[in-house]
Amino acid sequence: MEIDRRTLLQAAGLTLGAAALGAPALAQSSREPLRIGMLFPRTGDLALLGIAQANGALIAIDMANDAGGINGRKIEVVNADAPTPNAAVSEATRLISSENVKILVGSYASAIASSVVGVAERSDIIHWEVGAIADSLTQRGFKNVFRTCATAGQTGQVGFDFALNYLFPKLSLTEKTAKIALVHEDSEFGSTVAKSLTARANELGLSFATYAYAKDTNDLSPVVLKVRDAGTDVLLSVQYINDAVLFWRQARQLGLNVKAHIGLGAGHFQDSFPKAVGADADGVFISGPPLDLNPAGLTSEGAALAEQFYSRYQKKFGEKASSVAMLGFAGTIMLTHFVLPNVKDPDSSEAIRAAALAVDKPVGSTPAGWGVKFNPPGPNGGQNERSFWIIRQWQSGVLQTIYPEQLAAVKPIMLPLPEWANR
Amino acid sequence: MNTNTISTRIQPSLQAASLGRTVTLWVIIVGALYITASRLTDEHLVDLMFQIMLAASLAGAWNIVGGFGGQIALGHAAFFGIGAYTSTILFQHYHLTPWIGMLAGALFAALLATLIGAVTLRLRGPFFAMTTVAFTELVRIIVKNWDSLTGGTRGLWIPWEPNPWNFSFSDRNSYLLVAVTLAVLVFSTTAIMAKTKLGFLLNALREDADAARSVGVKATRARLISFAISAAFVALGGTLYAQYSLSIDPTSVLSFDISIQMALMSAVGGLGTVIGPALGAIAAVTSSSLLRGWFGGELGALHLLLYGVLFILVMLYARGGLLGMAINVKKRLTRRFGQGQSDV
Amino acid sequence: MDQVLLQINDLHVAYGELRVLQGVSLQVKAGELVSLLGGNGSGKSTTQKTILGFVRPTSGQILFEGERLDTLSIPEIIRKGITMVPEGRRVFPFMAVRENLLLGAWVRRNERAELKHDLERVLELFPILRTRLNQLAGSMSGGEQQIVAMARALMMRPKLVLMDEPTMGLAPKLVDEVLELIQTVNRNGIAVLLVEQNARTALGFTDRAYVLERGRLVIEGPSKDLLTNERVRSAYLGELSQA
Amino acid sequence: MDIFLQLLLSGLLLGGVYGLLSLGLTLVFGVTRIVNFAHGEFVMLGMYLTYFLWQLGFDPYLAAPVVFFACFAVGVVTQHLLLRKTLTMPHLVQVFVTLGISVVMQAGAQLLFTSNFYFVRPSYGNAMVEIGNIRLPLTTIIAAVLALIGTALVHLFLKKTHTGAAIRATAQDPYAANVVGIEIKTVYAVTFGVGIGCAGLAGALLAPIYPVYPTVGLAYSLISFVVVVLGGLGSLPGALIGGLVVGLLETFSAYYISPEAKEATYFTIFIIVLLLRPAGLLGLRGSETMGANH
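Chains as they are written, first to last, in my numbering: chain A, 1 to 423; chain B, 1001 to 1344; chain C, 2001 to 2243; chain D, 3001 to 3294.
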């Protein structure tokens, strides 16, 4: 509903504007498509999720084009592959100078993003980050960087809040008695989350044991043994797919029994996890990007966008949208739906910047449950302050939203986790 | 050894004439490079040329050890990273301009290279290669874990505040000019080296290790010096990369892939030749950029596949790499041309 | 004894553009001891390698007992009765002497009973090896390795053995021993085509000799005649140090 | 004490797995002097084959022999088409051709199978062997035991068969091998085939333990290089010993120092060993200057 009205209004505005400003100039620019560069890792290690995210973003573009484009201008997508930071620099430059794109949308991985933002800043082009979560990205004082999703640091926050406010009472644990262990891989992602957790724990006066390891390891039994022998109640882990699977398998093998396990990394929230460990995935909580939210927790606009997204994605790619795709979609729809329609001259980064900073949408306005409000230039400028991670749980091989409670679709199961011997 | 003696025998007679011609040609090429670098306006082309110049410098520097010395070093990423980190850390902690930091990085890299060279002197082929890989891994692990100094896995950013004194420019062309200068420096050094005793000793080491061993101390010194020079150049490239990309982290400047790329470009162009690595860099950078551009990643890994296949074909069918191929074609053409003349 | 074993006619060999042999013709009769002399790069070793099939001639013929050799593979040629003692001995260093010898008969590896017999025969010829059958060949002295290499070549019961510089790098005393062994081999009715740099040594105990210079045959004849030949004296006997 | 024994046994098993991974690499190098930088990619190939056979209903351990022979064929063909030409070229060229092969195989895997992770999950995937308080996964035990058996079989093949003798002779002196009539081109093809077959076999045995994806090979290549150089390049028992050393170093340093320290530990040990014994633990002295031998 909202969309139709908006489109109508836009169309009306366009006609009026054209009449007022002199038709020829505007008519010409409105015929030219608006070129957006989509820079994601499509080959190499990061390809799997990079492509999923790009696909999500593509749905947002499709929706804008099907609705007649941005103020009458169709969006033309220019795809590029950025498997490594070095390639990302070259490709970003190529998109900007040869392909003449005005906005870069990307880039799934923090390592890729952090080299792209330098290029965007130099060329004075907007970089619209939908998936990279390294906190540093918006801390470098670049004026052209906008990030729609939450950051790695926020993962720790939601993880602890969930554990303290939600799990502890249900597990009859207290802050004093609970034994918490944090296991994380030591690349930038894992260490950032670990740092934010430590910071949050210090605020809350909690203590916990930390174990770090390199993610391409072939054996995690020493870590599992340490966690096991420490008598851990609640396990927080920040892991990629490989190590998440390895760790959880070895946890079963070596009899590491915890009362609850919250996975804060990419390793636990993808289908590969239950595919690899089967029913052992059930009961594991994950903190991550939102998906399958209770529509009651969204605004009517957000709910409508969510519905469109899920059905279009299923139709176009023949599979259910993943949360990584949702990140791509939710971020891009903010651009095409909330920002660009209000930009008079989409060729000017200044105009886009102003329009982006002006958006003020409450929590629940996007399919991800997030609102839209970008921090003004300054510390953490360009970061969407109304995005957050949510907690979900694997239940019979499917992730169900648990927390925050207003977005929850179901109740948690297996609290506490049964011992391996009884599973 | 035979080819060496032949070439040294021929050289004196040709030297005067060919030296003059080479120098003239060199001056023309360098001049053309500088003019192009300062005039080019298309940002993408500037970036492409920058990447080529940087890649050529790295490949050329690797070639000193790998091509002339015939030692498969697969750990040059360590020197690249050391260059990038040294200048950046010195700038951030002591506000030392990266221009000086760059030299400090090069010096540091050269010292380390000498040390590694000294302890790995006995090792050949795969043993040497693996030791250099292991050494790079150690450097990467140290950088990753020395959080307070290196920013750990997050890495370091370089603020973009254009100021030539701080090696930070508002336009890309200036970075390109620095890259051209580095390339000119690398290739002039290799060209001079190839004509001097150092080059001869390295060649001898490669062709016949046992014979060269009998030369003893001199050979050892030649190897260490060449390793140090090579490392220093790569470190200079590291600083340049850091200043250009504005952010460095262990993955972007210390990965195994970087070491491999230097070696691959050098090999594609023509190992142990002066300009081979430059040709290799041009071919590798433009082809991967074009292939990526054409397919835009839409066909997944197709461009990588093609790149790999092309690479294998060059290795198998173009003896002496692209340079060798070019020389062969030229030879064949002149021969045909010559025959045509005699027939007429 | 006068039957021609090996007949080479107008042999040309080139490595790419480098012409190594240019019209070499020579012959070895059954049971004869022939030496092939010449300086470095004159084409001596190439001639031997071409006979054994390592190198294909660009033109010319190699006949062995009247049959064409130059289209056959190395194992086929070995089967015909030609084996080689390569330059630098080239024993398999990390194998026991026994295994080295058995590998000499690799081409007939499936004829087990025969091999046992051949091994015995070779050991009779070189009794010194009998007690060292289990020693690693690489741990032996240069002279002993030379014996292993010769014994290995005899395992195929060859009619002709090609020997490439068997005395190179040996102490003078050992040189004599090795030469004696070559004569022992020859006395057993096996023809030997010997490549030597040391002309004086070679001419001293072979029946006939050929001298190669830059891929061409320049002199041939009975060895004792060559010893007195002016050209040979000045080029190969006067300046022995030339290499 | 339990912990110590658990770590010891886990480390030994991991080491066995590493030994298995490295067997093909050391064999190929020992004979052909080719350092196969695509080794990890051939392991990947074995893992994919096992996965698809498992999808067709084959048990991974039944699939293993099939995978071995399929990879043997791939190895022979690869050698014939690509590496045969490099035998007369400088050593560097061979290294680079194998690097090119690894790029092509990675990209090919991604085109054919996408970058998805595939998991082989037999019903006994989680089965454990328990000795007192010590628990060891069955799949890893099988892999380690088969690594031992595999090494022994290859060793016997080399020592007891005519082909094996030809392979060893060629490894020690290709020219001399040629002189006695061994067709060294065939030897190289067979050796490369067996080496790649071993890599594929390792992949098959690892498939129930680790996931497979297009870039999985790099990690396996690196670890096998470390193992093989440490043990003595070209030495079969060396690969096993090297694997055990690295496996034990990993588990013990991860537990007693820090999980993060294990790479640093084994790379440091690696460098120290190479400096003290340049030919590796079981390599023959002096072989670092020319390659190695059995």
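Don't read these hints as lab results, they were simulated from the structure. Nothing here was measured: the structure is a model prediction, and the numbers come from that model. Among the clues, some could well be false.
With a straight-line Cα cutoff of 30 Å, these simulated BS3-like cross-link-like pairs (lysine-lysine) come out [unchecked claim]:
| no. | chain 1 | residue 1 | chain 2 | residue 2 |
| --- | --- | --- | --- | --- |
| 1 | A | 259 | A | 316 |
| 2 | A | 179 | A | 411 |
| 3 | D | 3159 | C | 2080 |
| 4 | C | 2080 | C | 2159 |
| 5 | B | 1195 | B | 1218 |
| 6 | B | 1218 | B | 1331 |
| 7 | A | 320 | A | 74 |
| 8 | A | 74 | A | 176 |
| 9 | D | 3160 | C | 2224 |
| 10 | D | 3085 | C | 2173 |
| 11 | A | 411 | A | 176 |
| 12 | D | 3085 | C | 2159 |
| 13 | A | 275 | A | 102 |
| 14 | A | 361 | A | 373 |
| 15 | C | 2080 | C | 2116 |
| 16 | D | 3159 | D | 3185 |
| 17 | D | 3159 | C | 2029 |
| 18 | A | 179 | A | 143 |
| 19 | D | 3085 | B | 1330 |
| 20 | A | 74 | A | 275 |
| 21 | B | 1331 | D | 3160 |
| 22 | D | 3085 | C | 2116 |
| 23 | C | 2173 | C | 2080 |
| 24 | A | 315 | A | 143 |
| 25 | D | 3185 | C | 2049 |
| 26 | B | 1197 | B | 1218 |
| 27 | A | 102 | A | 259 |
| 28 | C | 2159 | C | 2173 |
| 29 | A | 275 | A | 315 |
| 30 | C | 2080 | D | 3185 |
| 31 | C | 2159 | D | 3185 |
| 32 | A | 344 | A | 411 |
How the hints compare with the structure:
1. Proximity of residue 259/A to residue 316/A is assessed by CA-CA distance (about 41 Å); at most 30 Å being required, the pair is judged violated.
2. A C-alpha spacing of about 24 Å is found between residue 179/A and residue 411/A, which places the hinted pair at or below 30 Å, so the restraint holds.
3. For the hint pairing residue 3159/D with residue 2080/C, the CA-to-CA distance comes to about 29 Å; that is within 30 Å, so the pair holds.
4. A distance of roughly 8 Å separates the Cα atoms of residue 2080/C and residue 2159/C; the hinted pair therefore holds under the 30 Å criterion.
5. Pair hint residue 1195/B plus residue 1218/B holds up; C-alpha atoms about 17 Å apart against a cutoff of 30 Å.
6. The hinted pair formed by residue 1218/B and residue 1331/B fails the criterion: a straight-line CA distance of about 36 Å is larger than 30 Å.
7. The hinted pair formed by residue 320/A and residue 74/A meets the criterion: a straight-line CA distance of about 27 Å does not exceed 30 Å.
8. Taking the CA atoms of residue 74/A and residue 176/A, the gap is near 59 Å; set against the 30 Å cutoff, the hint is violated.
9. With a CA separation close to 50 Å, the supplied pair residue 3160/D and residue 2224/C exceeds the 30 Å bound.
10. About 44 Å separates the Cα atoms of residue 3085/D and residue 2173/C, which puts this hinted pair outside 30 Å; it is violated.
11. Taken as a hint, the residue 411/A and residue 176/A pair is honoured in the structure, with Cα atoms around 26 Å apart against an allowance of 30 Å.
12. For a cut-off of 30 Å, the pair hint linking residue 3085/D to residue 2159/C is broken: about 35 Å separates their Cα positions.
13. A threshold of 30 Å between alpha carbons decides the hint, and for residue 275/A with residue 102/A the separation of about 40 Å lies outside it, so the pair is violated.
14. The straight-line distance between the Cα atoms of residue 361/A and residue 373/A is roughly 6 Å, inside the 30 Å bound, and the hint therefore holds.
15. The suggested pairing of residue 2080/C with residue 2116/C holds, with an alpha-carbon distance near 20 Å, which does not exceed 30 Å.
16. For the hint pairing residue 3159/D with residue 3185/D, the CA-to-CA distance comes to about 20 Å; that is within 30 Å, so the pair holds.
17. Taken as a hint, the residue 3159/D and residue 2029/C pair is broken in the structure, with Cα atoms around 40 Å apart against an allowance of 30 Å.
18. In summary, the hint linking residue 179/A to residue 143/A is not supported, as the alpha carbons are separated by about 43 Å, beyond the 30 Å threshold.
19. Distance check on the hinted pair: residue 3085/D and residue 1330/B sit about 24 Å apart at the alpha-carbon level, within 30 Å; holds.
20. The straight-line distance between the Cα atoms of residue 74/A and residue 275/A is roughly 40 Å, outside the 30 Å bound, and the hint therefore fails.
21. For a cut-off of 30 Å, the pair hint linking residue 1331/B to residue 3160/D is broken: about 52 Å separates their Cα positions.
22. For the given pair, residue 3085/D sits about 38 Å from residue 2116/C by alpha-carbon distance, which is inconsistent with the 30 Å threshold.
23. Proximity of residue 2173/C to residue 2080/C is assessed by CA-CA distance (about 35 Å); at most 30 Å being required, the pair is judged violated.
24. Straight-line distance between C-alpha atoms of residue 315/A and residue 143/A comes to about 37 Å, which puts the hinted pair past the 30 Å bound.
25. With a C-alpha separation of about 18 Å, the suggested pair residue 3185/D and residue 2049/C falls inside the 30 Å cut-off, and the hint holds.
26. Of the supplied pair hints, the one linking residue 1197/B and residue 1218/B holds, its CA atoms being roughly 10 Å apart against a limit of 30 Å.
27. At roughly 50 Å between alpha-carbon atoms, residue 102/A and residue 259/A are farther apart than 30 Å, so this suggested pair is violated.
28. Simply put, residue 2159/C and residue 2173/C have alpha-carbon atoms about 28 Å apart, close enough for the 30 Å limit, and the pair holds.
29. Taken as a hint, the residue 275/A and residue 315/A pair is honoured in the structure, with Cα atoms around 23 Å apart against an allowance of 30 Å.
30. Note on residue 2080/C and residue 3185/D: the hinted pairing holds, with a Cα-Cα distance of about 22 Å set against a maximum of 30 Å.
31. Of the pairs offered as hints, the one joining residue 2159/C and residue 3185/D holds, with about 27 Å between alpha carbons and a cut-off of 30 Å not exceeded.
32. A threshold of 30 Å between alpha carbons decides the hint, and for residue 344/A with residue 411/A the separation of about 47 Å lies outside it, so the pair is violated.
Hints 1, 6, 8, 9, 10, 12, 13, 17, 18, 20, 21, 22, 23, 24, 27 and 32 from the list above are not met by this structure, while the remaining hints are.
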